[in-house]
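Chain order of the listed sequences is A and B.
Residue 1 is where the first sequence starts when you use UniProt numbering, and the numbers rise one by one after that.
Residue 1 is where the second sequence starts when you use UniProt numbering, and the numbers rise one by one after that.
Just so you know, not all the hints are guaranteed correct.
Note: identical chains are not told apart, hence a pair may lie in one copy or across any two.
List of simulated lysine-lysine pairs, DSSO-like, C-alpha gap at most 30 Å [claimed, not checked]:
no., residue 1, residue 2
1, Lys98, Lys327
2, Lys148, Lys166
3, Lys90, Lys327
4, Lys386, Lys444
5, Lys268, Lys386
6, Lys48, Lys90
7, Lys148, Lys268
8, Lys327, Lys167
9, Lys45, Lys268
10, Lys144, Lys48
11, Lys98, Lys173
12, Lys90, Lys268
13, Lys268, Lys89
14, Lys80, Lys515
15, Lys268, Lys382
16, Lys69, Lys144
17, Lys173, Lys327
18, Lys307, Lys38
19, Lys327, Lys80
20, Lys453, Lys41
21, Lys327, Lys148
22, Lys268, Lys327
23, Lys515, Lys144
24, Lys327, Lys166
25, Lys327, Lys89
Worth flagging that the hints you see were computed from the coordinates, not collected in a lab.
Chain by chain, the residues run as shown.
2 protein chains.
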Amino acid sequence: MSDAPAPEKPQASAAPQQAGADAEAPTSKKGAKKAEAKAKKEAEKARKAAEREAAAAAAKKTEDVDLAKDNYGDITPTTKVDAERVNLKKLGEEHLDKTIRLRAWIQNARMQGAKMAFVELREERSWSIQGVIAASSEGKPVSKQMAKWVGGLSLESFVMVEATVKKPLEPVKSCRVSDYELHITKCYLIAPGPEVLGLSLNASNRAVGSLDDEEPTQPAELTEGVADLSLADAAPTASLLTHLNNIVMHKRAPVQQAIADVRVAVRKLFSEYLDSQGFTQFEPPCLIGAASEGGANVFSMPYFNQKAYLAQSPQFYKQYEIAAGRKRVYCIGPVFRAENSNTPRHMTEFTGLDLEMEIEDTYEEVRDMIEATLIYIFRGLKERCKNEIEYIRTIYPSEEFLLPEPGKEVRITFAEGQKLLREEGPEEFRNVSDDEDMSTPQEKALGALIKKKFNTDFYVLDKFPEGARPFYTIEDPANSNVCNAFDFMMRGQEVLSGGHVFICPESLRLAFEEKVSTLPVPASRNMSTYSGVQEFLLTVAVVSVWTESWHGT
Amino acid sequence: MSDAPAPEKPQASAAPQQAGADAEAPTSKKGAKKAEAKAKKEAEKARKAAEREAAAAAAKKTEDVDLAKDNYGDITPTTKVDAERVNLKKLGEEHLDKTIRLRAWIQNARMQGAKMAFVELREERSWSIQGVIAASSEGKPVSKQMAKWVGGLSLESFVMVEATVKKPLEPVKSCRVSDYELHITKCYLIAPGPEVLGLSLNASNRAVGSLDDEEPTQPAELTEGVADLSLADAAPTASLLTHLNNIVMHKRAPVQQAIADVRVAVRKLFSEYLDSQGFTQFEPPCLIGAASEGGANVFSMPYFNQKAYLAQSPQFYKQYEIAAGRKRVYCIGPVFRAENSNTPRHMTEFTGLDLEMEIEDTYEEVRDMIEATLIYIFRGLKERCKNEIEYIRTIYPSEEFLLPEPGKEVRITFAEGQKLLREEGPEEFRNVSDDEDMSTPQEKALGALIKKKFNTDFYVLDKFPEGARPFYTIEDPANSNVCNAFDFMMRGQEVLSGGHVFICPESLRLAFEEKVSTLPVPASRNMSTYSGVQEFLLTVAVVSVWTESWHGT
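Bound conformation, chain A alone (with noise of 0.2 Å):
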């Protein structure tokens, strides 16, 4: 709690003290923190419920009839605001001087003076005015009990509120409806925020500051990755799961929202591009009879008298569509694997953006197709969610991803990218082969040059040496030391891998014979490669077209 405190609200700072003798003695480390928070919460309550008092005496004394007690308080169902409705992005000039009705969050108040407050209103996403309440001299619309009350509420109030538009005097910075504010004549509370948040908007609306809460005793490996998104500057941030722990305040963040709104802007963006490509969404099923894959990743439980699993992907069910003849198929749906590791690119549980599509020809129909399908899916995402990425970028910066200009996306072979490593590279990189796979700095390096010579940080590399692939991928026929193997490649790192694989049992058996089973490995490790052939085969079997695959965010 203590690193998220609410920006305009202080915490009383000798609360802790105060409270801490009627704790329970602390126990541990974990136990004087919990004990130190709960006390500063009880001495903020206490201290608000004191302010909230003397509020009341002081009115009930300086006046007596408060002629504006209908314009405020708690909402009640016979509560009736009649102005329009008009929401903040469709604010202008049209709505000036008129009175607007408007339900929002109390971002931030505060009292100038004691007849004056001020308040920001967000209604949704980052969508925020600077709201004024000013009692008048005869007491109405606004009185200053009304005033007092509108500044005194709590962050994150949701309420309902009657108001007229007026220009400010200079435009106001800290909201994002900055030429317009709303003079408030009424104000009714829907629902209280908290007295203290577990989590203030401020510190939700940071980048997530580390992975490890109240348990310090982690490795520091298990929070690789995180350490570069938060930012340099000095502002709260809060845990991983002091986020998960406040939920809601995490999902009011304006931050978190963009995200979501640019998820599912990639999941529109795929449907719609596939299905202008005459492919066909279709469900695969969650639970499942048998592991999708090998590997102890698998979440399994008990199902009646049986067992059933979680599948770690749609793999074998969109290769039932293809057999059975639905040509080209997608699905987007959660896949899940039981991989225990706290870092950002391990998930129990995330959403698959999966497709399959029979080939006509050639492998390079579905690389092709994953290609326009990316790029279509980082173009739309330029145009669509132009404000959340530019919005994303404040708290989470990253420079603008560079995408090849419409046909001329880049396209190399495995041994063009050598090449260009060998004879541009950095020095270290003079003697790379063409038969030898890639080593992440190379990658990198190559990312680099790739982005130098095409102004693009993303592009495909082709036909990977034999050695670099599974013994299922098929040679090139134009020349069999490499095979029609592809990486898909962002600023130097692979995310995506494909390839062309045998379609004829035989053809399986024969690449499994001549160039796995004559290595050297342990007899039960053969045996599991091995029953692993015999189940490809059998969906190679079934299956019987060429497909290829990817499963993304």
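Take the given structure of chain A and dock chain B to it, following the hints.
This is chain B only, laid out in the frame that chain A set:
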């Protein structure tokens, strides 16, 4: 297997007896059935192998040189057919006498004499065309051997053909493309069908026969609702288990593909309409830390050192989104119910279509939004899935679903419904009361009356009597005998229930104390209801806005 013979390729009827002697002594009815099936399969294999050998020997004897040998056979990586690829659904007059390329499934194949064969080629869904192959006197491009090979292809083999488009002498009734036929000049086998299909396309394309297969000991009521789905005619049907055990053949059936198309259209229409109404899609989790609803029908599983549950509903997550200020949200995804019931109404995994919205003024906003969404989906299906629905009706007969004219949606109050029943309904409903909930027969009778009066199968019944709804439903301010709760009715059956619930924890507690805590319920149930209320209070306090939701297919 015996319930699904391939229509044009009858099983060798003598097989079971001949092969039975070699089979293991059957120890049970199930074992005997399996042994019989196995023996049948073996005999069929032997017969086919003998046929092939005889054909090969005959071919060798009569003609030494097959001038068409490059025009048929197994496909190889170097096989190439250069003719233009044309989709059957786009085949038109402009293709007459042109040579085209097609990949298709052998839906039927038969010899006509020694030199000619007819095949039905199915490209996708129900798009099929007749193919003709006839040996020419010079033995090329088609030889006698080639015609025989094509006519002998196993059902459901996948082939690539080159053919000339011709007009048939008369329209081909058995194929969807009836105005053209293909004169085959090349035919390559991409993937052979099995010698005996576990489920023929014919059986797969009929209504599922029964829910039980080898488990005939299940009580009859478990199959309730299935009987009226199977057609009256004597055509072979297969049990659900046979369908599931032959999933690829199940999915190849045009009727299953039509159903899948309609399902996906429903998803798209739902999403399309809500997008147009300012809704945002969001992604709720499937793996959650606590059961979404009370009751035993939740799947649970080990989650590292903890326990996880599969979401029975995205309810809480929808409410989080609203509490987070997202205003209007929807989601489409799997939900899970651990219901071990073999009926068409119980499924352990299904696709949920969920929406949640803030109410501005009254609950009618939600009622009308859901009504409009459903009508948009129903209208959209009639337009976009006209052919699919027509096709499905040939197998699962149903009447046209009547919808109200735009602007003439039927919404009646519960009291109006009861009045209609009293005045115009069957004798037995002369005295139905406005204060008691309707029985199922009443609902059906009212559905029939509404259909007669308003020509619609779809209507909304609003303002239920207080006693018919849970205590947390708010009463109508204009009439305290009824509450703001509605049912959506389709063909006299409730498909969706909704209502206006208390927002304020205090009002909810009062309603609970007044209406529930005085009921003579056992202490334990009372406690659980009460703890449900506390949970509910918490949710309401967090959510703070009036919301309503729907989840269906």
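Going down the list of hints, with the structure as the test:
For the homomeric pair Lys98 and Lys327, the shortest alpha-carbon distance between copies (24 Å) is at most 30 Å, but the shortest distance inside one copy (58 Å) is not. In the homo-oligomer, the alpha carbons of Lys148 and Lys166 lie at most 30 Å apart inside one protomer (21 Å), although the nearest pairing across protomers, at 87 Å, exceeds that limit. With identical chains, the CA atoms of Lys90 and Lys327 are at most 30 Å apart between copies only, with a shortest distance of 16 Å across copies and 45 Å within one. Within a single copy, Lys386 and Lys444 get their C-alpha atoms as close as 27 Å, which meets the 30 Å cut-off; across copies the closest is 53 Å, which misses it.
Taking identical chains as interchangeable, the C-alpha atoms of Lys268 and Lys386 lie at most 30 Å apart whether they share a chain (16 Å) or sit on different chains (25 Å). In this homomeric assembly, Lys48 and Lys90 never come within 30 Å of each other (Cα to Cα): the closest approach is 37 Å inside a single copy and 74 Å across copies. Taking the shortest alpha-carbon separations for Lys148 and Lys268, neither the intra-copy value of 47 Å nor the inter-copy value of 50 Å comes in at or below 30 Å. Taking CA atoms no more than 30 Å apart as the test, Lys327 paired with Lys167 passes between copies only; the shortest distance there is 27 Å, against 59 Å inside one copy.
When the C-alpha separation of Lys45 and Lys268 is checked against a cutoff of 30 Å, the pair qualifies neither within a copy, at 46 Å, nor between copies, at 49 Å. When the C-alpha separation of Lys144 and Lys48 is checked against a cutoff of 30 Å, the pair qualifies only within one copy, where the shortest distance is 19 Å, while the shortest distance between copies is 98 Å. With identical chains, the CA atoms of Lys98 and Lys173 are at most 30 Å apart within one copy only, with a shortest distance of 23 Å there and 69 Å across copies. For the identical chains of this complex, Lys90 and Lys268 are neighbours both inside a copy (25 Å) and across copies (28 Å), given an alpha-carbon limit of 30 Å.
Taking CA atoms no more than 30 Å apart as the test, Lys268 paired with Lys89 passes in both settings, with 23 Å inside one copy and 27 Å between copies. Taking the shortest alpha-carbon separations for Lys80 and Lys515, only the inter-copy value of 28 Å comes in at or below 30 Å, while the best intra-copy value is 78 Å. Taking the shortest alpha-carbon separations for Lys268 and Lys382, both the intra-copy value of 14 Å and the inter-copy value of 24 Å come in at or below 30 Å. Taking the shortest alpha-carbon separations for Lys69 and Lys144, only the intra-copy value of 11 Å comes in at or below 30 Å, while the best inter-copy value is 100 Å.
In the homo-oligomer, the alpha carbons of Lys173 and Lys327 lie at most 30 Å apart only across protomers (25 Å), although the nearest pairing inside one protomer, at 54 Å, exceeds that limit. In the homo-oligomer, the alpha carbons of Lys307 and Lys38 lie at most 30 Å apart only across protomers (28 Å), although the nearest pairing inside one protomer, at 44 Å, exceeds that limit. Taking CA atoms no more than 30 Å apart as the test, Lys327 paired with Lys80 passes between copies only; the shortest distance there is 20 Å, against 57 Å inside one copy. When the C-alpha separation of Lys453 and Lys41 is checked against a cutoff of 30 Å, the pair qualifies neither within a copy, at 58 Å, nor between copies, at 63 Å.
Proximity of Lys327 and Lys148 under a CA criterion of 30 Å is satisfied inter-copy only: 29 Å between copies versus 67 Å inside one chain copy. Taking CA atoms no more than 30 Å apart as the test, Lys268 paired with Lys327 passes in both settings, with 21 Å inside one copy and 20 Å between copies. For the homomeric pair Lys515 and Lys144, neither the shortest alpha-carbon distance inside one copy (86 Å) nor that between copies (42 Å) is at most 30 Å. Proximity of Lys327 to Lys166 under the C-alpha cut-off of 30 Å is restricted to the inter-copy arrangement: shortest distance 26 Å between copies versus 59 Å within a copy.
In this assembly of identical chains, Lys327 and Lys89 lie within 30 Å of each other by CA distance solely across copies; the values are 14 Å between and 44 Å within a copy.
In summary, the structure is inconsistent with hints 6, 7, 9, 20, 23 from the numbered list given earlier, while agreeing with the others.
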